[in-house]
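Quick mapping for you: the protein sequence lines, in order, are chains X and G.
Whatever position you read off the first sequence (first residue = 1), add 9 for our numbering.
Whatever position you read off the second sequence (first residue = 1), add 3 for our numbering.
Worth flagging that the hints you see were computed from the coordinates, not collected in a lab.
Virtual Cβ for every residue (Gly too), placed ideally from N, Cα, C.
There are no misleading hints in this set.
Not close to chain G: a few residues of chain X, all C-beta gaps over 12 angstroms, as computed: (1) Leu-28; (2) Trp-34; (3) Ala-49; (4) Pro-64; (5) Trp-67; (6) Gln-68; (7) Asp-72; (8) Met-138; (9) Ala-139; (10) Ile-147; (11) Thr-155; (12) Val-162; (13) Ala-252; (14) Arg-255; (15) Leu-265; (16) Arg-289.
Cβ-to-Cβ under 10 angstroms is the rule here; a few derived chain G residues that face chain X: (17) Ile-56; (18) Arg-86; (19) Gln-96; (20) Asn-103; (21) Arg-106.
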Amino acid sequence: MADAAEGRGAVRRRAGLRLWLSGGWLAALAAAALLAPWIAPHDPLAQDLFAGRLPPAWQAGADPAYLLGTDSLGRDVLSRVLHGARVALFVALVAGTLTALIGAALGLLAGFYRGWVDVAISRLVDIWMAFPPVLFAILLIAVLGTGLASIIVAIVVIDWTRFARVVRAEAMAQGAMDYVASARVAGMGRLRTLATEILPNCLPTIGVLLTLEMGIAVIVEAILSFVNLSISTDAPTWGGMIAEGRLSIHQAWWVLVFPLVALFLTVLAFGQLGEGLKDRFDPVLR
Amino acid sequence: MTFLAVEGLTVRIRRGPWLLRGVSLAVAAGEARGLVGESGAGKSMIGKAILGILPRAAEVVSGRILLDGTDLLRLSDRDRRARIGRLCALIPQDPLTALNPARRIGPQITDRLTDILGWDRARAQARAAELLAEVQIADPPRVLKSYPHELSGGMRQRVLIAAAFAAEPKLIVADEPTTALDVTVQREVLRLIAGMQARHGTALLFVTHDLGVVSKVCRRLSVLYAGKVVEDTDVRAFFRTPGHPYSAALLAATPKYTDPDSSLRPVPSAVIDAVRAEVAAWDAAHG
Numbered sequence: 010m011a012d013a014a015e016g017r018g019a020v021r022r023r024a025g026l027r028l029w030l031s032g033g034w035l036a037a038l039a040a041a042a043l044l045a046p047w048i049a050p051h052d053p054l055a056q057d058l059f060a061g062r063l064p065p066a067w068q069a070g071a072d073p074a075y076l077l078g079t080d081s082l083g084r085d086v087l088s089r090v091l092h093g094a095r096v097a098l099f100v101a102l103v104a105g106t107l108t109a110l111i112g113a114a115l116g117l118l119a120g121f122y123r124g125w126v127d128v129a130i131s132r133l134v135d136i137w138m139a140f141p142p143v144l145f146a147i148l149l150i151a152v153l154g155t156g157l158a159s160i161i162v163a164i165v166v167i168d169w170t171r172f173a174r175v176v177r178a179e180a181m182a183q184g185a186m187d188y189v190a191s192a193r194v195a196g197m198g199r200l201r202t203l204a205t206e207i208l209p210n211c212l213p214t215i216g217v218l219l220t221l222e223m224g225i226a227v228i229v230e231a232i233l234s235f236v237n238l239s240i241s242t243d244a245p246t247w248g249g250m251i252a253e254g255r256l257s258i259h260q261a262w263w264v265l266v267f268p269l270v271a272l273f274l275t276v277l278a279f280g281q282l283g284e285g286l287k288d289r290f291d292p293v294l295r
Numbered sequence: 004m005t006f007l008a009v010e011g012l013t014v015r016i017r018r019g020p021w022l023l024r025g026v027s028l029a030v031a032a033g034e035a036r037g038l039v040g041e042s043g044a045g046k047s048m049i050g051k052a053i054l055g056i057l058p059r060a061a062e063v064v065s066g067r068i069l070l071d072g073t074d075l076l077r078l079s080d081r082d083r084r085a086r087i088g089r090l091c092a093l094i095p096q097d098p099l100t101a102l103n104p105a106r107r108i109g110p111q112i113t114d115r116l117t118d119i120l121g122w123d124r125a126r127a128q129a130r131a132a133e134l135l136a137e138v139q140i141a142d143p144p145r146v147l148k149s150y151p152h153e154l155s156g157g158m159r160q161r162v163l164i165a166a167a168f169a170a171e172p173k174l175i176v177a178d179e180p181t182t183a184l185d186v187t188v189q190r191e192v193l194r195l196i197a198g199m200q201a202r203h204g205t206a207l208l209f210v211t212h213d214l215g216v217v218s219k220v221c222r223r224l225s226v227l228y229a230g231k232v233v234e235d236t237d238v239r240a241f242f243r244t245p246g247h248p249y250s251a252a253l254l255a256a257t258p259k260y261t262d263p264d265s266s267l268r269p270v271p272s273a274v275i276d277a278v279r280a281e282v283a284a285w286d287a288a289h290g
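Chain X with its partners taken away, still in its complex shape (with noise of 0.2 angstroms):
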């Protein structure tokens, strides 16, 4: 019992250690990219090509002015990666609830009205599992054009079946508990069983899907923007920043590193947040 108690106090300290540190990345990070019009230092679409490819003010030649350099056209890469954050915040969070809301909601009627709704729900999962997310992504764009609004909608479309799935499961699992027979002896409908006993105790799950979702979402929005598909051309984005960086990498590192620093911390930070929140809100555990 001691140990059990121990190693419960140990996965607690861990979790919170996790959720400090991931929390406060991307609590600094939305509030760098709210206050970007206001603290970044330039304009990051003004471009000066005397002041091309400034390296970071700590290194030798460089324009303390332009603290992490500039681009081979001289936008501020400081001011860009600010800017990057607000379209990867966005589309993080717009798409990822979203999706979670979408997915979510098939997975709670498939879970719980099994039968035909749910052989339904589920064979559209696999069929929609079984393209390649990616190249499904790039297609949808093709399709639907470039923009903010095209990204979110190419994030929901492909990635909705990531919460059916989990939820329908988790739903089952609930709707087996003899709580819920209970609720139905005592005269409940099905629609507000659904609503107080099966969704409530599906929300951590829920909750821990969409942080990992966002994370998803960023590097999705990422790969669009790399391969030219985001939002228009000079718009800055982190994927569009590592596509220009690539190209000058033996001349100019930190215009490839720092946008992809940024990317690197915010999906790592995502998943220890959904990691973290898992551990916190773990019944077994708790």
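Starting from the known structure of chain X, fit chain G onto it as the hints suggest.
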């Protein structure tokens, strides 16, 4: 007066094996009836069929379930649910999964009062506290505000008993309510159920595999084997002179405190074979 009458109830897995083979049993108003049988005999299925919570894969092939004179199987889904909700309640087997972990205890009890009896919240709240006191839970107001994981297994089972009796049902189906509890808690819970049943005048169908438990709570007893009722008798008469050979063998198999050195006596294969032959004949007759 008969309150619940199950007549020739036959249930099978869709396109699969039989679960209940023409079960008949009756529970009088206010009577406590035990329903015993080994695992897989179908005892829980009877309870589930009565309460309309059979698993999806199971279907009722024939028979009647008369609840206060009305055949539940002939009602529409909606009417059946309303009737069961008003007249019946369930004390489930596992107190750990029988309370919704995401809701406080209070609403899980008062739901029944507001839904079934149409009471307002304040009145339901007060009644819920009374019920918790009746099942000997200390500090009812605190427990009403607790989540299930904050209570021990024994306390959760008491809460479930309180919830079952809340809307004053006429029949309670208790599905192995003490199996998940350890022996000392078991004893208290049994006493509690027996006491509540007598005070509220509720009919009780007590499903269990434990003959000792039945003798503490019930007056009448049905013995189930392979989806058939093999004996329907008075509890005291059963322990004196069991009628069916299977019942007699089952009783003889119970180890005795008074004779700890005697080896365990399994149910003789001749008895099992005889009952199995009966079952096989029934299966043959019903395709």
